[in-house]
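Could you build the full structure based on these sequences and the hints that come with them?
Which chain is which? The protein sequence lines are A and B, in order. Counting from 1, position 137 in the first sequence corresponds to residue 137 in this note's numbering; the numbering is continuous, with no gaps. Counting from 1, position 161 in the second sequence corresponds to residue 161 in this note's numbering; the numbering is continuous, with no gaps.
Any given hint could be a false lead.
Any copy will do: because identical chains look the same in the list, a pair fits if it lies in one copy or spans two.
[Claimed, not checked] Here are the simulated DSS-like pairs of lysine-lysine, each with C-alpha atoms no more than 30 Å apart in a straight line:
| hint | residue 1 | residue 2 |
| --- | --- | --- |
| 1 | K126 | K51 |
| 2 | K390 | K51 |
| 3 | K260 | K215 |
| 4 | K408 | K390 |
| 5 | K354 | K408 |
| 6 | K390 | K123 |
| 7 | K390 | K126 |
| 8 | K126 | K408 |
| 9 | K51 | K186 |
| 10 | K411 | K438 |
| 11 | K126 | K354 |
| 12 | K215 | K438 |
| 13 | K51 | K215 |
| 14 | K390 | K300 |
| 15 | K300 | K16 |
| 16 | K16 | K126 |
No lab work stands behind these hints, which were simulated from the structure alone.
Number of protein chains: 2
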Amino acid sequence: MRLSTYFLPVMRDTPKEAEIVSHQLMLRAGMIRQSSAGIYSWLPLGLRVLKKIEQIVREEQNRAGAHEVLMPTIQSADLWRESGRYDDYGAEMLRITDRHDRDMLYGPTNEEQITQIFRDGVKSYKELPRNLYHIQWKFRDEVRPRFGVMRGREFLMKDAYSFDISAEAGTVSYNKMFVAYLRTFKRMGLTAIPMIAETGPIGGNLSHEFLVLAKTGESQVYCHADLLAEALPDEGDLTDSELQGVVDRWTERYAATEDKYDQAEFEAAVPEDKRVSARGIEVGHIFFFGTKYSEPLGCKVQGPNGEMITIQSGSYGVGVSRLAGGIIEAFHDDDGIIWPASVAPFHVGLINLKAGDADCDAACEMLDRELAAAGIDVLYDDRDERAGAKFSTMDLIGLPWQVIVGPKGLKSGEFEVKNRATGERLSLSPQATAAHLKSALADVL
Amino acid sequence: MRLSTYFLPVMRDTPKEAEIVSHQLMLRAGMIRQSSAGIYSWLPLGLRVLKKIEQIVREEQNRAGAHEVLMPTIQSADLWRESGRYDDYGAEMLRITDRHDRDMLYGPTNEEQITQIFRDGVKSYKELPRNLYHIQWKFRDEVRPRFGVMRGREFLMKDAYSFDISAEAGTVSYNKMFVAYLRTFKRMGLTAIPMIAETGPIGGNLSHEFLVLAKTGESQVYCHADLLAEALPDEGDLTDSELQGVVDRWTERYAATEDKYDQAEFEAAVPEDKRVSARGIEVGHIFFFGTKYSEPLGCKVQGPNGEMITIQSGSYGVGVSRLAGGIIEAFHDDDGIIWPASVAPFHVGLINLKAGDADCDAACEMLDRELAAAGIDVLYDDRDERAGAKFSTMDLIGLPWQVIVGPKGLKSGEFEVKNRATGERLSLSPQATAAHLKSALADVL
Numbered sequence: 001m002r003l004s005t006y007f008l009p010v011m012r013d014t015p016k017e018a019e020i021v022s023h024q025l026m027l028r029a030g031m032i033r034q035s036s037a038g039i040y041s042w043l044p045l046g047l048r049v050l051k052k053i054e055q056i057v058r059e060e061q062n063r064a065g066a067h068e069v070l071m072p073t074i075q076s077a078d079l080w081r082e083s084g085r086y087d088d089y090g091a092e093m094l095r096i097t098d099r100h101d102r103d104m105l106y107g108p109t110n111e112e113q114i115t116q117i118f119r120d121g122v123k124s125y126k127e128l129p130r131n132l133y134h135i136q137w138k139f140r141d142e143v144r145p146r147f148g149v150m151r152g153r154e155f156l157m158k159d160a161y162s163f164d165i166s167a168e169a170g171t172v173s174y175n176k177m178f179v180a181y182l183r184t185f186k187r188m189g190l191t192a193i194p195m196i197a198e199t200g201p202i203g204g205n206l207s208h209e210f211l212v213l214a215k216t217g218e219s220q221v222y223c224h225a226d227l228l229a230e231a232l233p234d235e236g237d238l239t240d241s242e243l244q245g246v247v248d249r250w251t252e253r254y255a256a257t258e259d260k261y262d263q264a265e266f267e268a269a270v271p272e273d274k275r276v277s278a279r280g281i282e283v284g285h286i287f288f289f290g291t292k293y294s295e296p297l298g299c300k301v302q303g304p305n306g307e308m309i310t311i312q313s314g315s316y317g318v319g320v321s322r323l324a325g326g327i328i329e330a331f332h333d334d335d336g337i338i339w340p341a342s343v344a345p346f347h348v349g350l351i352n353l354k355a356g357d358a359d360c361d362a363a364c365e366m367l368d369r370e371l372a373a374a375g376i377d378v379l380y381d382d383r384d385e386r387a388g389a390k391f392s393t394m395d396l397i398g399l400p401w402q403v404i405v406g407p408k409g410l411k412s413g414e415f416e417v418k419n420r421a422t423g424e425r426l427s428l429s430p431q432a433t434a435a436h437l438k439s440a441l442a443d444v445l
Numbered sequence: 001m002r003l004s005t006y007f008l009p010v011m012r013d014t015p016k017e018a019e020i021v022s023h024q025l026m027l028r029a030g031m032i033r034q035s036s037a038g039i040y041s042w043l044p045l046g047l048r049v050l051k052k053i054e055q056i057v058r059e060e061q062n063r064a065g066a067h068e069v070l071m072p073t074i075q076s077a078d079l080w081r082e083s084g085r086y087d088d089y090g091a092e093m094l095r096i097t098d099r100h101d102r103d104m105l106y107g108p109t110n111e112e113q114i115t116q117i118f119r120d121g122v123k124s125y126k127e128l129p130r131n132l133y134h135i136q137w138k139f140r141d142e143v144r145p146r147f148g149v150m151r152g153r154e155f156l157m158k159d160a161y162s163f164d165i166s167a168e169a170g171t172v173s174y175n176k177m178f179v180a181y182l183r184t185f186k187r188m189g190l191t192a193i194p195m196i197a198e199t200g201p202i203g204g205n206l207s208h209e210f211l212v213l214a215k216t217g218e219s220q221v222y223c224h225a226d227l228l229a230e231a232l233p234d235e236g237d238l239t240d241s242e243l244q245g246v247v248d249r250w251t252e253r254y255a256a257t258e259d260k261y262d263q264a265e266f267e268a269a270v271p272e273d274k275r276v277s278a279r280g281i282e283v284g285h286i287f288f289f290g291t292k293y294s295e296p297l298g299c300k301v302q303g304p305n306g307e308m309i310t311i312q313s314g315s316y317g318v319g320v321s322r323l324a325g326g327i328i329e330a331f332h333d334d335d336g337i338i339w340p341a342s343v344a345p346f347h348v349g350l351i352n353l354k355a356g357d358a359d360c361d362a363a364c365e366m367l368d369r370e371l372a373a374a375g376i377d378v379l380y381d382d383r384d385e386r387a388g389a390k391f392s393t394m395d396l397i398g399l400p401w402q403v404i405v406g407p408k409g410l411k412s413g414e415f416e417v418k419n420r421a422t423g424e425r426l427s428l429s430p431q432a433t434a435a436h437l438k439s440a441l442a443d444v445l
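See the structure below:
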């Protein structure tokens, strides 16, 4: 992509309305713009990140055997009256009256709707287990939206719903999502710690929040230090008991958000030198609630002996748009964002120090083509701008690699290759530059 | 994908509430379920089609140089008051009051919002031209929603917006979208005819609707028969004058929807044996409206001599979710849907006539793996079901190719390969089956 034809409205100054660093950087880097309080438009650079995050979430859901669907944003209030939840959400639910005076709402979550779809579509125990998920915009009318996409009103969430014949089978489904979440966040470069959590308006009595530690996190969290270094399960399929083993390893040590925290319990469970007390950002939340929705909505299947069995369910959320902010909270410095390669909007920023110079242009275009052919996304700064502005824009938007091409380097046949995270710079021939980047980015191509 | 673990709730009988064939078939084939009047959930099979359509639209927008963004569904009413359009939409606009009693709305289109974003992000004529698009759910509160996703209330639309320094430059942007639309619909197997159209609440005085001819179309259309056979421009980039040439070729012959139709004009322009009068489905609509939004919203850039120039704009819509229905209207028979390969949810339906039989299972699994490795999407019916039910399900969901594997064929080392569109059947060895499918599907892989 040539920057001269792109839409990247970066801002030099930190916008006053933004309190936390991810919000500031997303505005400055031209990723988002506020539309109204807690509601944002995603500009081209931001949308590329959002799509990469979404795709990682999707791949790990599919790998766990879940099937993607897409439910609408607007739901009928009647369905929520059936479950008894119409009032639970209070003023946070955006309530709407359509032109025929029917009560509608902008879905904050979809337990009722998916239970209805499943109830109408499945008749026999043979069609279980199933897990259906969607990645759709939700709305929660926060009293005081803030922190940009981290606590917006309109936000993109992945929510999955499991359907099982028994509580035991439901536990397997829960464990599958638990492990899928560990893998999902890891692929984004994040260490997310599962913690016992409150179930709130979703319900049920088994629930884990996944939290990423970051100074600006909205919750205080407490956990055993060893959890931060806990190894992830391999990529292969796991048996039910292997799954349980992974979940046990991750849950046997103390980890709780402030809602569930008990000082005495924490101190009894964790030796003093292993006690971590930090701020955390919630990036996922999973629930097992059994028959909470299937019972009132009559979601049953016929069992092996003809008996009717009420379905056991759980739900599993990932804050997709929130993650864009969460990742920046975890990865930035004074100059800007430092994207993990897996979610970077482009892999490489190519800076032409003398756009319009035939040799510089030709060298840049050749590298651009070669990297593109290898599946590497390049943002090519071909603008007629001073070098300083180009460098600071590239540092701000945080692409993992920069390649700097100027007349001086070209004379000695060299490009400068900069690693955004470490600041390390190499002088490499054009061929070596391409080879170096292909090798460094091999994991994410 | 194994059907035994998939979620495909097909229906044997035609649902009474569905008036037209695409709605009937989408319900029967387990593609969608109604959530409330004019609002649908997309089940796994339907979502796969929706995503393929969306991706073709995206690729052709990108090829035309447009940049993808994503604006929110909920907008502030104030912005629409600035353009004076808050009242134009009347009861079709879903109006919402948030918890702080602010007037909001569910966007039916985004001219105001994108103009605001562009105004705030671009300062100089050097940053023009630009085209920004998004693919987002919209809401229009139709009095009488019907025909399934063809006239729903919540629907997925691609809307692009061009920004130019002059009306002449704006025409080039308009022409680029015109040609991108011809290519987009063609890739879905559709012949879409551009027709002079009313501009309605979008505004402006230059507008074309793109209509697909189908018996169940909602509008009466009139055109010159030669348009149905008009050749498409090549894939390469076109110069501005080549673009104009393509647009001229497509617009010099008579083509109008009933709103713009004039019998005398039609008969004067088209010889009797070339007069086509038919039903059409609108799948795209493009507008050039100059300064209609940039003027009230103050969207200006600095020109080469320091003067402030008001931007010239157009907008360009494709009905993404509606196309799923439109394609079925164009491609079906008494047995079900007949997907063009480019938008088919899977390319191949693999039918195991004796699931559980070791030889049949092994033969199916080997083919499934080989096709998957070639990028071919296979829906593998591995269920313990009678053959008749398997055949009718496959015909109903309309995958372009079927492969039927049974003990009898296996004895002579042959699979049966069926072309869904022509009904043609071939007996081929496993190797020849894979080769045949790879070659037949090469265009869409």
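Numbers of the earlier hints that this structure fails to satisfy, in rising order: Hint 12 contradicted; others consistent.
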